[in-house]
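These protein sequence lines are chains A, B and C, in that order. Position one of the first sequence corresponds to residue 1 (my numbering), numbered consecutively onward. Position one of the second sequence corresponds to residue 1 (my numbering), numbered consecutively onward. Position one of the third sequence corresponds to residue 1 (my numbering), numbered consecutively onward.
Think of the hints as simulated: they come from the structure by calculation, not from any bench.
The list treats identical chains as one, so a pair stands whether inside a single copy or across any two.
Pairs of lysine to aspartate or glutamate residues, derived as EDC-like cross-links and limited to a Cα-Cα distance of at most 20 angstroms, are as follows:
no., residue 1, residue 2
1, 53, 105
2, 67, 107
3, 53, 104
4, 127, 10
5, 53, 108
6, 67, 108
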Amino acid sequence: MGNIERRLAELNIVLPPASNPAANYTNCVEANGLLFVSGKIPLVDATGAQPAKGKLGREYTTQQGYKLARSAGTDILAVVQLALGTLDRVARVVKLQGFINATEEFDEHPQVLNGCSDLMVEVFGDKGVHARSVLGAVSVRGNQPLVIESIFAVVPM
Amino acid sequence: MGNIERRLAELNIVLPPASNPAANYTNCVEANGLLFVSGKIPLVDATGAQPAKGKLGREYTTQQGYKLARSAGTDILAVVQLALGTLDRVARVVKLQGFINATEEFDEHPQVLNGCSDLMVEVFGDKGVHARSVLGAVSVRGNQPLVIESIFAVVPM
Amino acid sequence: MGNIERRLAELNIVLPPASNPAANYTNCVEANGLLFVSGKIPLVDATGAQPAKGKLGREYTTQQGYKLARSAGTDILAVVQLALGTLDRVARVVKLQGFINATEEFDEHPQVLNGCSDLMVEVFGDKGVHARSVLGAVSVRGNQPLVIESIFAVVPM
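Let's have the full structure, built from the sequences with the hints guiding it.
The structure is reproduced here in structure tokens:
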């Protein structure tokens, strides 16, 4: 059990089973020391039902969106753990990109993506502080409320 | 003629001439073993006319979108071939990002991007399996139906 | 004072103070020779007021968008300069991604992003020529007109 896995236990964060890719691709590709992770969606909606459906600014509030982004973050961690064997091999969370299924008027995209950003910093400390960007998507696969793509730097074997 | 070029011929895949950048930028930049490829659009629409115009969920069906994504994929391959000399220098298809010009209700973005993903796996086999993400764009340059950005890992010279 | 800083002075380009991240993340992460820069927004709108608010194709024309993208570009340069100490450590502008807050009908996204692309080429010459992609976002944080994310290759220390 790695240090980060111990930290997850201390924080009472239980990772879900890593999700499967939705189509003809893979969860992660490691290339030149960077791990490129496919876009991940929330595991459960704010009421515990799944899958979540709908847009920020209509079906979901910013506060619910924060929880949904955190949920997507736990899947990202599960997927990275599966790919690397242990989260101790994460040298740095490099970048998050948040695609928020949003209305035309919605303007609190950062507050939503913070749900995932905060999780990364809780889990990895300074190594969890990342670059990021976020935007409103007019629609998202399966009407999911958000998709988060990510890049990690990997400690060499 | 490289192995991958032979494979293209076996598959009866004819690459188009590589498209030119639409503005003040370049098709590809190689940096630290990764080839970053600019967003590419379909070459022809589903009826053979070009350029394609319109949105998924309105002017185009998912099935047409699949073919449009495959078409963009052939331009990506042409551009990478031109940059690297031969597609044999592709060590891995690392990531695709699909920006689908879509309606608010459209929810089959993955099935559209599969047109490009399937092409990559047909051509490169295991090296063609990639990470990816996809989202609905409210509008796309020239009202194109989709844009696909990509990253490849490159075999050193 | 580096060569690029001298060039900025010759071009009468004054960099603003680097903006702060809008939430729980950082401006830049360097990993494996690449500098990943968070999404940056325009500093001032076309009339000099700030912050800019609104969509391309409604509140802003393409020509105004060009200037807004250039403005975001100056912040990107400020942020990179702060991270690297001097812009002379930029080996290459690798990629720009433009997220344009746009209407459904807007189709001149490349002409908008050119404002940032042209700045990079003015400042860095051949090293400023980059890969890029651009799309229309249905909404953007704080109703900003655009966000630009970027990746730079870094000269080793």
